[in-house]
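Protein chains in written order, with my numbering: chain F, 576 to 750; chain C, 135 to 268; chain L, 264 to 913.
Check each hint, because a few of them may be wrong.
Unchecked claim - Derived list of chain C stretches under chain L, where covered just means 3 residues or more per stretch with a C-beta under 8 Å from a C-beta of chain L:
(1) 174 to 182
(2) 189 to 202
(3) 234 to 243
Claimed, not checked - Here are the in silico distance ranges between beta carbons for each label pair:
(4) C:257 <-> L:675: 18 to 28 Å
(5) L:708 <-> C:215: 16 to 26 Å
(6) L:839 <-> F:658: 38 to 48 Å
(7) C:257 <-> L:708: 28 to 38 Å
(8) L:690 <-> F:601: 58 to 68 Å
(9) C:240 <-> L:382: 53 to 63 Å
(10) L:839 <-> C:257: 38 to 48 Å
(11) L:732 <-> F:585: 42 to 52 Å
(12) F:601 <-> L:740: 47 to 57 Å
(13) F:639 <-> C:215: 47 to 57 Å
Claimed, not checked - To list a few chain L residues with every Cβ distance to chain F over 10 Å, as calculated:
(14) 432
(15) 434
(16) 583
(17) 645
(18) 763
(19) 805
In case anyone wonders, no lab produced these hints; they're calculated from the structure.
Note that CB positions come from ideal geometry on N, CA and C, so glycine has one too.
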Amino acid sequence: MGWRMWLPLMVFALFLGLAAYQLTQPKDEFVESRMIGQSLPYFELPAATEDLPGVSSKDFADGKPRLLNIWASWCLPCIAEAPQLEALKEQGADIVGVAIRDDPADVAEFLARHGNPYSRIGRDDLSEVQLGIGSSGVPETFVIDGKGTITYQHIGDIRADDVPLLLEKLREAGR
Amino acid sequence: MRGLLALLLAAMAMPIVAQGNAPPAPYAYRQLDDPAKEAAAQELMETLRCLKCQSQSIADSDAPMAGDMRHQVRIRIAAGENPEDIRSWLMQRYGDYVSYAPVVSASTWPLYALPVVFLLIVGAILLRRFRRRA
Amino acid sequence: MIAELGHAALWLAAALALLQLVGGALALREGEADGIAGLARPAAILQGGLAGFAFFALLYVFAVTDLSVKLVAANSHSLKPLIFKLSGAWGNHEGSMLLWVTVMALAGGLIAAVERRLPEKTMQATLAAQGFVALGFYAFLLLSSNPFERLPEPAMEGLGLNPLLQDIGLALHPPTLYFGYVGLSVAFSFAVGAMLTRSVTPDFARAMRPWVLGAWVFLTLGITAGSYWAYYELGWGGWWFWDPVENASLMPWLAATALLHSVSVLASRDALRVWTIMLGVVAFSMSMLGTFLVRSGVLTSVHAFAVDPERGSFILALLAVYIGGALLLFALRASSISEGERFAVASREGALVFNNVMLSAILAVVLLGTLYPLLTEAFDVRVSVGPPYFNPVSAIFTIPMLLVMAVGPLLRWRGDSFARISKELALIAALVIAGLIFFALFEGGALLPLLGLALAVMLAVASFLPLRGRNLKRLPIAVWGMVVAHFGIAVALFGMASESAFSTERLAALEVGQSATVGPWEVELASVQPVAGPNWTAIEGRMLASYKGGEGQPIAPQSRNFWAPAQQTTESVLLTRWNGQLYAVMGNEANDGRWQLRLWWKPFVTFIWYGGMLVALGGVLAIIGRVQQDLKRRSIRRKGAVRRADMETV
Chain F
576 MGWRMWLPLM
586 VFALFLGLAA
596 YQLTQPKDEF
606 VESRMIGQSL
616 PYFELPAATE
626 DLPGVSSKDF
636 ADGKPRLLNI
646 WASWCLPCIA
656 EAPQLEALKE
666 QGADIVGVAI
676 RDDPADVAEF
686 LARHGNPYSR
696 IGRDDLSEVQ
706 LGIGSSGVPE
716 TFVIDGKGTI
726 TYQHIGDIRA
736 DDVPLLLEKL
746 REAGR
Chain C
135 MRGLLALLLA
145 AMAMPIVAQG
155 NAPPAPYAYR
165 QLDDPAKEAA
175 AQELMETLRC
185 LKCQSQSIAD
195 SDAPMAGDMR
205 HQVRIRIAAG
215 ENPEDIRSWL
225 MQRYGDYVSY
235 APVVSASTWP
245 LYALPVVFLL
255 IVGAILLRRF
265 RRRA
Chain L
264 MIAELGHAAL
274 WLAAALALLQ
284 LVGGALALRE
294 GEADGIAGLA
304 RPAAILQGGL
314 AGFAFFALLY
324 VFAVTDLSVK
334 LVAANSHSLK
344 PLIFKLSGAW
354 GNHEGSMLLW
364 VTVMALAGGL
374 IAAVERRLPE
384 KTMQATLAAQ
394 GFVALGFYAF
404 LLLSSNPFER
414 LPEPAMEGLG
424 LNPLLQDIGL
434 ALHPPTLYFG
444 YVGLSVAFSF
454 AVGAMLTRSV
464 TPDFARAMRP
474 WVLGAWVFLT
484 LGITAGSYWA
494 YYELGWGGWW
504 FWDPVENASL
514 MPWLAATALL
524 HSVSVLASRD
534 ALRVWTIMLG
544 VVAFSMSMLG
554 TFLVRSGVLT
564 SVHAFAVDPE
574 RGSFILALLA
584 VYIGGALLLF
594 ALRASSISEG
604 ERFAVASREG
614 ALVFNNVMLS
624 AILAVVLLGT
634 LYPLLTEAFD
644 VRVSVGPPYF
654 NPVSAIFTIP
664 MLLVMAVGPL
674 LRWRGDSFAR
684 ISKELALIAA
694 LVIAGLIFFA
704 LFEGGALLPL
714 LGLALAVMLA
724 VASFLPLRGR
734 NLKRLPIAVW
744 GMVVAHFGIA
754 VALFGMASES
764 AFSTERLAAL
774 EVGQSATVGP
784 WEVELASVQP
794 VAGPNWTAIE
804 GRMLASYKGG
814 EGQPIAPQSR
824 NFWAPAQQTT
834 ESVLLTRWNG
844 QLYAVMGNEA
854 NDGRWQLRLW
864 WKPFVTFIWY
874 GGMLVALGGV
884 LAIIGRVQQD
894 LKRRSIRRKG
904 AVRRADMETV
């Protein structure tokens with residue numbers, strides 16, 4: 576009989592522990608993709624701007640690892656990210672862009688103003704590729720190996736100190 | 135609930151700058167012609183989480199990504215796909231988080247096991263009370 | 264100067280709360296009611312006065328827009344209308360905490376002034392508990408959220424002119440909730456006082472009952488209004504989303520509902536002592552937990568308010584001390600409190616116990632579903648728990664509860680037989696079955712809404728059965744309260760089930776001059792006009808809505824674009840008929856020049872909120888009836904005491 580009266584206190588103690596632990600944890604709103612380690616789904620996107628070709632999933636099967644950058648000209652963090660993409664390109668990364676719900680004129684203007692690190696940009700008006708690879712925001716960057724397998728996901732804009740890690744992941748994907 | 139009012143301000147007032155000006159996907163705001171299929175799509179959309187929102191389903195959100203997800207759901211249903219297959223297609227990509235209907239899995243079984251425990255406790259309490267009293 | 268006086272009054276009030284605590288503790292130890300312990304009542308009354316003064320001081324600095332006060336400068340503006348200047352006083356974290364502690368202190372003062380039924384020692388222990396709870400909030404206010412803090416240099420102008428926040432609902436919603444929470448804190452203090460002095464009696468239940476009923480009425484109103492507001496503002500026709508913050512408001516209501524029924528059993532029959540104490544502790548825990556969830560930001564919600572992890576830690580610490588302490592006391596004392604009078608399965612108490620347990624189980628399910636994502640996140644797994652979980656799982660407990668709710672009021676106290684009420688039972692069963700068949704033929708649909716409709720019809724009839732064969736003029740007001748509240752539940756349930764079974768949705772893209780049908784309505788888009796407000800521009804769709812070919816009624820929903828901050832909102836239009844609402848939302852222009860419209864026809868959806876108001880009305884009737892009874896009982900007692908005194912002198 577007596578021990579049952581302690582049950583509410585024990586349940587409450589469990590809750591307290593959990594709540595206290597969660598308060599100390601930084602709250603991240605990231606939804607990680609479950610597609611890491613899986614092949615890119617089939618897709619074919621038209622060009623997002625006149626100057627660069629569009630993107631197809633077949634482009635990733637030529638043995639060369641690449642970065643797949645989900646971005647948009649209307650996205651403010653993408654502007655912050657532009658110099659880092661430039662740096663990655665200078666250090667040999669091939670960056671393929673997917674522009675989400677974008678307009679060719681806006682894309683061209685963005686590239687003119689903030690630089691163009693991309694080898695191709697596909698136009699994804701319906702978030703098909705985004706949904707297909709489990710990306711939930713803009714910008715996000717995926718590492719794709721030479722066989723078209725997704726090996727790494729970076730959520731949010733790339734900061735200067737993320738660049739070495741992404742290069743390392745690219746190198747790993749090339750092995 | 136203290137916030138239920140201040141609450142909504144955040145939700146209904148979504149910032150327009152960060153979403154672009156592109157038109158919504160064709161089926162984001164358009165129903166399927168077949169009422170039965172539309173009903174199936176609606177039912178599914180109400181149970182899928184909008185990934186860009188604060189705890190809203192894609193059926194209740196004006197976020198463009200929610201619109202794109204509604205488009206996906208509707209065209210797949212129109213093509214004859216089973217709603218639960220669409221749900222698992224999304225769960226393969228986003229995990230349990232994307233579905234408001236938790237499936238029984240290694241991480242969610244207590245959600246269903248504990249109510250059964252509650253049922254047993256309820257039964258035990260009532261039985262004890264009534265048996266002794268009657 | 265006024266601000267400093269308010270600040271000083273808060274410190275004094277805190278000191279008096281401490282005095283209440285010390286006095287009560289001494290009373291327990293020495294077992295006597297004199298000395299410092301005797302100061303508990305006057306201290307509580309004075310504390311109420313001082314806190315009230317501090318709150319008026321805050322209202323004053325907001326009313327005159329004293330921009331040297333930091334809180335005013337951050338949340339008000341000299342050009343605001345007076346009503347929103349005043350509501351700005353509690354529309355922020357510091358002010359809302361002051362409002363809470365003020366209402367709590369006033370409630371403490373009130374019980375100290377008028378409550379004479381309980382043994383003095385129990386009363387002092389209750390005031391000590393009340394002082395202890397208040398002390399935590401005073402510490403929170405004075406140490407980390409001082410509302411009277413001055414700026415080194417007065418601001419030139421206040422920052423708070425956001426028109427989005429100038430809403431009468433937003434102004435009244437928080438006080439409604441705090442009244443509810445504070446009522447539960449009084450019930451909590453009574454429960455702690457009763458445990459400390461091992462005095463769990465019908466008098467204790469009677470002292471606690473008006474506070475529980477009052478809290479319950481305010482919580483009912485808060486949830487009802489909040490749900491309507493969400494329905495109206497979010498622009499997608501939903502009225503309940505099982506969002507963590509909504510659940511945080513539902514959980515104290517569920518606990519208070521169970522508590523008010525078990526308090527009644529204890530008051531009339533001296534049964535369910537331990538259970539009532541437990542619920543008194545749980546109900547207050549739920550309101551603290553709700554505050555914690557809303558303000559700490561540990562859960563993601565559309566309704567987050569004043570989120571700050573540091574405040575979250577403070578509230579969690581208070582939660583740990585109060586609830587942990589009360590549960591520890593419960594564990595130590597509960598076995599020594601006898602369970603009270605006995606009763607049979609087929610009795611009023613039997614039914615009340617059944618539904619109390621069911622309500623507690625529903626509470627447990629909501630709590631589990633709400634906190635579960637928090638639990639898995641500790642293991643880096645993110646899950647979502649939503650309507651597909653809450654609806655069916657809570658229905659497992661709700662359905663039997665609704666059935667027993669229909670039968671319970673027909674049973675007599677102590678012991679009864681189902682045979683005696685066999686006719687009524689047959690009627691109830693027949694209504695459920697007939698309702699199921701009728702609605703199934705009428706509209707197939709999912710099982711749960713169907714069951715909801717049938718049970719609602721049955722309960723609507725059954726809630727009036729207790730009136731059969733009674734003289735309606737002489738019926739106690741409290742019984743009317745029960746009938747009205749139960750009928751209100753039936754009405755609300757009918758609205759919910761009908762909304763979910765019969766709603767029709769129409770997303771249309773129209774050119775000007777075209778029309779769309781939704782349910783029995785035909786809506787014609789007559790013209791589209793740009794309109795401008797003080798800080799927004801909008802696209803307004805002027806439409807004519809006609810019901811079943813009748814005359815067109817003009818409606819004009821808007822899609823608004825605010826600048827600074829740039830936000831888009833929808834101003835939906837609701838056209839209400841007795842049998843439902845037309846819900847119209849104006850969307851954007853599509854590529855081809857047509858306009859996106861969202862239309863819903865929601866039969867009987869308004870019953871949800873009418874029902875909620877009826878439930879609250881029932882609660883008000885119950886309070887009136889109970890207070891009346893208590894006053895009568897008190898005057899009888901007094902006369903008895905006088906007579907006894909007369910006898911002694913003779």
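Outcome of the hint check:
| no. | hint | verdict |
| --- | --- | --- |
| 1 | 174 to 182 | holds (count 3) |
| 2 | 189 to 202 | holds (count 7) |
| 3 | 234 to 243 | holds (count 5) |
| 4 | C:257 <-> L:675: 18 to 28 Å | holds, 25 Å |
| 5 | L:708 <-> C:215: 16 to 26 Å | holds, 23 Å |
| 6 | L:839 <-> F:658: 38 to 48 Å | violated, 56 Å |
| 7 | C:257 <-> L:708: 28 to 38 Å | holds, 31 Å |
| 8 | L:690 <-> F:601: 58 to 68 Å | holds, 59 Å |
| 9 | C:240 <-> L:382: 53 to 63 Å | holds, 55 Å |
| 10 | L:839 <-> C:257: 38 to 48 Å | holds, 44 Å |
| 11 | L:732 <-> F:585: 42 to 52 Å | holds, 49 Å |
| 12 | F:601 <-> L:740: 47 to 57 Å | holds, 55 Å |
| 13 | F:639 <-> C:215: 47 to 57 Å | violated, 34 Å |
| 14 | 432 | holds, 28 Å |
| 15 | 434 | holds, 30 Å |
| 16 | 583 | violated, 5 Å |
| 17 | 645 | violated, 7 Å |
| 18 | 763 | holds, 29 Å |
| 19 | 805 | holds, 30 Å |
Violated hints for the displayed structure, listed by number in ascending order: 6, 13, 16 and 17.
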